[in-house]
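Protein chains: 2
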Amino acid sequence: MKNVKIFALSDSIGETSEQVSKAVLEQFDEIDYDIKLYPHVKTRKQIDDIIEDAKKENAVIVFTLVVVELRDYLIVKSKTHNVTSVDLITPLLTPLIEHIGLKPKREPGLLHKFDENYFRKMDAIEFAVKYDDGKDTRGITLADVVLIGISRTSKTPLCMYLANKNIKAANIPLVPEVDPPEELMKANAGKIVGLFADPEYLNRIRKERLKVLGLRDNASYASLDRIIKELEYADRYIKKLGCKKIDITNKSIEETASIIINWHNDIAKKERE
Amino acid sequence: MKNVKIFALSDSIGETSEQVSKAVLEQFDEIDYDIKLYPHVKTRKQIDDIIEDAKKENAVIVFTLVVVELRDYLIVKSKTHNVTSVDLITPLLTPLIEHIGLKPKREPGLLHKFDENYFRKMDAIEFAVKYDDGKDTRGITLADVVLIGISRTSKTPLCMYLANKNIKAANIPLVPEVDPPEELMKANAGKIVGLFADPEYLNRIRKERLKVLGLRDNASYASLDRIIKELEYADRYIKKLGCKKIDITNKSIEETASIIINWHNDIAKKERE
Chain A
4 MKNVKIFALS DSIGETSEQV SKAVLEQFDE IDYDIKLYPH VKTRKQIDDI IEDAKKENAV
64 IVFTLVVVEL RDYLIVKSKT HNVTSVDLIT PLLTPLIEHI GLKPKREPGL LHKFDENYFR
124 KMDAIEFAVK YDDGKDTRGI TLADVVLIGI SRTSKTPLCM YLANKNIKAA NIPLVPEVDP
184 PEELMKANAG KIVGLFADPE YLNRIRKERL KVLGLRDNAS YASLDRIIKE LEYADRYIKK
244 LGCKKIDITN KSIEETASII INWHNDIAKK ERE
Chain B
4 MKNVKIFALS DSIGETSEQV SKAVLEQFDE IDYDIKLYPH VKTRKQIDDI IEDAKKENAV
64 IVFTLVVVEL RDYLIVKSKT HNVTSVDLIT PLLTPLIEHI GLKPKREPGL LHKFDENYFR
124 KMDAIEFAVK YDDGKDTRGI TLADVVLIGI SRTSKTPLCM YLANKNIKAA NIPLVPEVDP
184 PEELMKANAG KIVGLFADPE YLNRIRKERL KVLGLRDNAS YASLDRIIKE LEYADRYIKK
244 LGCKKIDITN KSIEETASII INWHNDIAKK ERE
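If you read the protein sequences in the order shown, they are chains A and B.
Using our numbering, read the first sequence as starting at 4 and increasing by one per residue.
Using our numbering, read the second sequence as starting at 4 and increasing by one per residue.
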């Protein structure tokens, strides 16, 4: 295993550098990597120190600096010290300046400003927490998207991911022994999504879950028979509702969420028309 | 207002393109923008269609394609059709290949694979939901980080953000009329963070909150007197605990979280040593 060190340097918080670095580093086998964040870089002195450390630790510098003077200083300095440094902003900023025909502001931290969008996102996150796991069925009426499914079909993480994209999402568990809330039948089926998965997949995940929780005795929860029974029950109910459904087997949260977001956008677009 | 259209094209889900595009677009005043995602692009036909649409809508294509053949096809095709296209992967991948001395796998979707890390993140999100708002005080012992603060100091969104970074975070509300759970005094103060803000700032946010909730009558919650009383109470308690504290006034969730993550990493590093 080769260890790769990345220093992600930013005049804001460094999230963009981190995201791009991860996407690229995952392309390599046989390495492990550390990404060290250097947020709020605003001075030449900070850059000097970081380059010195990078040289010592054989790290690659990845940066998002919008202030031209600092950016140029970093480029020149890292060349002088033989440190690899990669600018993640300029390759996109330059063609966009030409395309848009306007000058950029070159102020750090604009991605994290407090606008309406920001507060909407905060609201959506609080919404997802409040209406998680059928805790309060009024969420069904208020939500943009309602996820239903049996245990371990990733309802909670999906709702949180949707919240981060400004979508108010509630989720309702389906269990054969408990009737689903009446509100589901009354709601617009277009905003409800039924989640399901391969029984074997859920079997593996539930077993793992029981291990983590230290509940080795609760065997029926993870048994294949029980899971098949739950899935059949859920499938009948989803058909009755007439809502969309997604197989989450081997899909990441991001993948499943991107399908739901596309559906949601299509509905929102039709409603506007 | 000038409208700018970005088509974010990816052989995975397009999250990286979206993040970088947003960071760069926020640098422009007097524009509004749409970012349209084209995930799972795997064929030349898909690329042909997207380029055609981009030409019609005067959109800029931003892409993360790890398969060389598709990437080259897109570059050539967009040039032929006079569509601006920007490669976000190669500028970092090329220097990393040289630095690491290994060949990349060039498989799409590796960022979203199911590894230990992925399941840890799912657990952390469920943890944050379960132990939100002091619902279950056992969370104090189990958490990596515990946030305490009065209403509207962004405890919930912060916990969710930390969960996304694999940190198990619980939060406990501070209210003068209710004694905080005993577990807080027994816990390691190093993992507790007290949140506070300017009274005027909280005043504005709480008023906004009441408006959204349609609770115009509950005036005392948003009154400056009440907020000052709560803040003084919280401050005394935070001092008694001897924990760290952060002023969240005018800080975004990402900024506050990055401070907490740095503290958390320092503690984790010391514990390893």
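Some hints could be false.
You can't tell identical chains apart in this list, so a pair holds if it fits in one copy or across any two.
[To be verified] Below, simulated DSSO-like cross-link-like pairs (lysine-lysine); rule was C-alpha separation at most 30 Å, straight line:
(1) K124 <-> K39
(2) K45 <-> K232
(3) K39 <-> K138
(4) K254 <-> K272
No wet-lab data here; the hints were simulated from the structure.
To see whether the hints hold, each was checked on the structure:
{"no.": "1", "hint": "K124 <-> K39", "in the structure": "both (27 Å within a copy, 19 Å between copies)"}
{"no.": "2", "hint": "K45 <-> K232", "in the structure": "neither (59 Å within a copy, 37 Å between copies)"}
{"no.": "3", "hint": "K39 <-> K138", "in the structure": "neither (39 Å within a copy, 34 Å between copies)"}
{"no.": "4", "hint": "K254 <-> K272", "in the structure": "within (26 Å within a copy, 33 Å between copies)"}
Hints 2, 3 from the earlier list are contradicted by this structure; the remaining hints agree with it.
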